[in-house]
Amino acid sequence: MSAIPGNSRTGRLPGFEETDNTVDVPGQRASLVLHMDKFHQVTRQVCQVAESKRPPFAWYAAFVVSLSLVGLLGVCVNYLIFTGVGVWGLNNPVMWAFDITNFVFWVGIGHAGTLISAILFLFRQKWRTGINRFAEAMTIFAVICAGLFPGIHVGRVWLAYWLFPIPNQMEMWPQFRSPLLWDVFAVSTYFTVSLLFWYVGLIPDLATLRDRAKGTIQQFAYGLFSLGWRGSNRHWHRYERAYLLLAALSTPLVLSVHSVVSFDFAVSQLPGWHTTIFPPYFVAGAIFSGFAMVVTLAVPARQMFGLKDMITLRHLDNMNKIILVTGCMVGYAYSMEFFIAWYSGALYEKFAFLNRAFGQYWWAYWIMVSCNVITPQLFWFKRIRTSIPLMFALSLVVNIGMWFERFVIIVSSLANDFLPTSWDFFTPTWVDMGTMMGAFGLFGTLFLLFCRYLPMIAVAEVKATMPQADPHWEGWQHHGAGHGHAALASPETPHTPDAP
Amino acid sequence: MAHALSANAIPAAAISGERLAPRSRVLTIAGIVLLVAGFAMVRTDPGFAAKAWLQAWLFAVSLSLGALFFVIIQHLTRAGWSVVVRRVAECIAANLLWLWLGFLPIAWLWFDGRLDTLFPWANLDHLREVAPEEAALVGKKVAFLNPGFFMIRAASYLLVWALLARFFLSNSVAQDSDRSVARSEKMGKWAGPAAILFGLTTTFASFDWIMSLNPAWFSTMFGVYFFAACCAGGFSAIALMSLRAQSRGLLKDVVTPEHYQDLGKMLFGFGIVFWAYIAFSQYMLIWYGNVPEETTWFMARQIGQWRIVSAALLFGHFVIPFLFLISRWTKRWRGTLTFGVAWMLVFHWVDLAYLIQPVIPHDIGKYDTYDALLAAYANEAAPVLNPGLIALSAGMLFLLVGRTLARLVRTGLLCKGDPRLAESLRFENF
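Residue numbers (this note's numbering), protein chains in the order written: chain D, 1 to 500; chain W, 1 to 430.
Take these hints with a grain of salt, some might be off.
[To be verified] Result set (DSSO-like, lysine-lysine): computed pairs, CA atoms no more than 27 Å apart in a straight line:
no., chain 1, residue 1, chain 2, residue 2
1, D, Lys350, W, Lys141
2, W, Lys186, D, Lys126
3, W, Lys140, W, Lys366
These are computed hints drawn from the structure, not numbers from a lab.
Bound-form chain D, shown alone:
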């Protein structure tokens, strides 16, 4: 099978040129790595980010902003802990608002990583190798941000450990029948497995960084975490078994985490929350927002660190297609909810949905619909899917829309419940806003540190998608390197992940 070479396409600005490898020719598969025909070039391209003396100016600028927001987060959280949850804008019917909205938002963002590493792995989507490493990193940081919110929302933070079923002298146990407790298990399992998956994938690349490191600190740090990896045949064999098993473990987790989050709402009897489509609807929404965040981060990162030959236009095009598909699924869920609310004939169901669209939170609802269902339809056009500025803008729009989706679900259903005399309106305070922005700062800080010090792209896995990794590649004859096996026996042997 011959690969389609990328067509050169000059950008309007110097430094912003793109190579178009998105053309599909049935019967051929496009190159996923551009302008490189030696494995060593991939290694160099990825490692130079961590090895350079200082990162680009844009990195410093972003880091300063993110770190300042972390400071704001610290202020807000401390103020909350020392004063009490009254500093938030919560009121009697609206007892969940920004806290849980942010929690669900961040858990959702954390979905793309596992989807890419586990489900796209099962579907043999080779393009996932260009983006899986930093999508997984994003997953871990997003789950950290998510975990923050239920922790501080309990009010008396020093008792947050009561969430866990720890034996104690008072015989006090959490309510095992509550989905809030299932959430504790679902999210912590997800975090643990994602972290393990990410770390196992990192080991060969950490060893590469260790071998290339010049400074003692780098040698020690990368050496410590690469666990004595030497790239021997046996190492690769065990590594691939571990990778396969972790992929198998992660696959159900992609569905389970957000399903359990949706149970927090759907097991109740509150109109707008109690609806059976919630689990798959939340999962689709999570993948939708997760991919949007990957695009939001990938676009500047590949530009800043010169990774355009590995995170190519085709990778971005594919991600935009997934955004389109999941956006349509989310649209399907919105319409089913609305239709069934009418079809049920139940007064309260009907009210809950009309109230969402035309009640006091109508603006939030229409922001949600336009950002999540209407604008993503632009991705039907290839010209838009492959335009860097437009996809960046649309990915931001999706992020905004998905934040509002959780806000609409949580707040609009609570604010106007069964008893009209208790209705109220939620207005966020500066602490609400500060905590929300601070979480973005925390996420940004962790992500920027990751970009600076760890290999952003799975070096070994990307090499395996290059045509040169195939021992039967026709090019080997021309290279005169025997049958190619000699070249492959080098320390930079690409590994070919098992498809289960």
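Since the structure of chain D is provided, determine the placement of chain W on it from the hints.
Here is chain W on its own, set in the frame of chain D:
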């Protein structure tokens, strides 16, 4: 599979359907005979006859819909591995070109003013007499649940499915001779809109033909459940027909254990695990919320013999096939895969019985406790093993297979002009 067959070296006899013609005729005739016998057996009870027919017909429809989804998704994802099994899927899906005939008995009920034999909402006055509370709820949805609109919708679903099946089959067959790459591009381009049309029509068809059998009951998940059920049936049918064709000496070295493993994975992922996920979520949320309007549907499936059917579905549609098909070798070895997919077809049929046959007792609200309800309906029969129902379903299945074979005789068994054929022949799971 170091020595994959090259696309030019496939013997014509291996992909010609000629050999299937006699079997196709036998199955078609057997199907018609069984249908006639089945009707004769159920005719004394018009209510049950209508439901039995609905189940038998939807059994065939759901298998074709599953196959149609398979075809659409292969084009949508530009899949290479599946080319060698796609013609079988296209021909199963193409049954949607004649399956609309199966709706005619229901259309006749409508024409005769007896649509309420099947759908209680069609006769609101009667419903008001027997179940006034339910009728009050159903009365609010007459804008949707009324015979005229119901018929228009049914016609539109059947038309959309026939057009989609025809589009993908005719382009694929034309490609056999003209080998045009543009056809692959065209089918890939239209697969997106086709998926959306498929999703919407399948959802609303399941609302109309299954959910509205209990018109007061509702679940936003129901369309997704039916979609997962279609995958269970359709993917099993594709695998089973490929396996049977191969044991008759066709598709030799064309369809390999690699392709069977992938078909098995698709069935495992969509038809078994995703189905169970959806079924569990729907059940758990309704059970936990415990809202009477919603729980009645499940209660009707937990009284008398339906209790056994529900448990059988849990084990037969999920636990047992999950454990059986999780291994690599059971999906690759023809004997075990044949057993697995045949099993899934049976339980897909049981699933349809579970969805269609139970009747929610009108007096369900008068029992104070769950135990009292169970005691009162301890003898409720589940007509799953009714010979008339089985004859009708088997008749539809035979007819479906017979007509699929007849089409394969005309079109050949392989998309031999597909530009991704070489990739598919060479495909292996690492």
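Results of checking the hints against the structure:
no., hint, result
1, D:Lys350 - W:Lys141, "holds (12 Å)"
2, W:Lys186 - D:Lys126, "holds (24 Å)"
3, W:Lys140 - W:Lys366, "holds (24 Å)"
Going down the numbered hints, you'll see the structure goes against none, and every one checks out.
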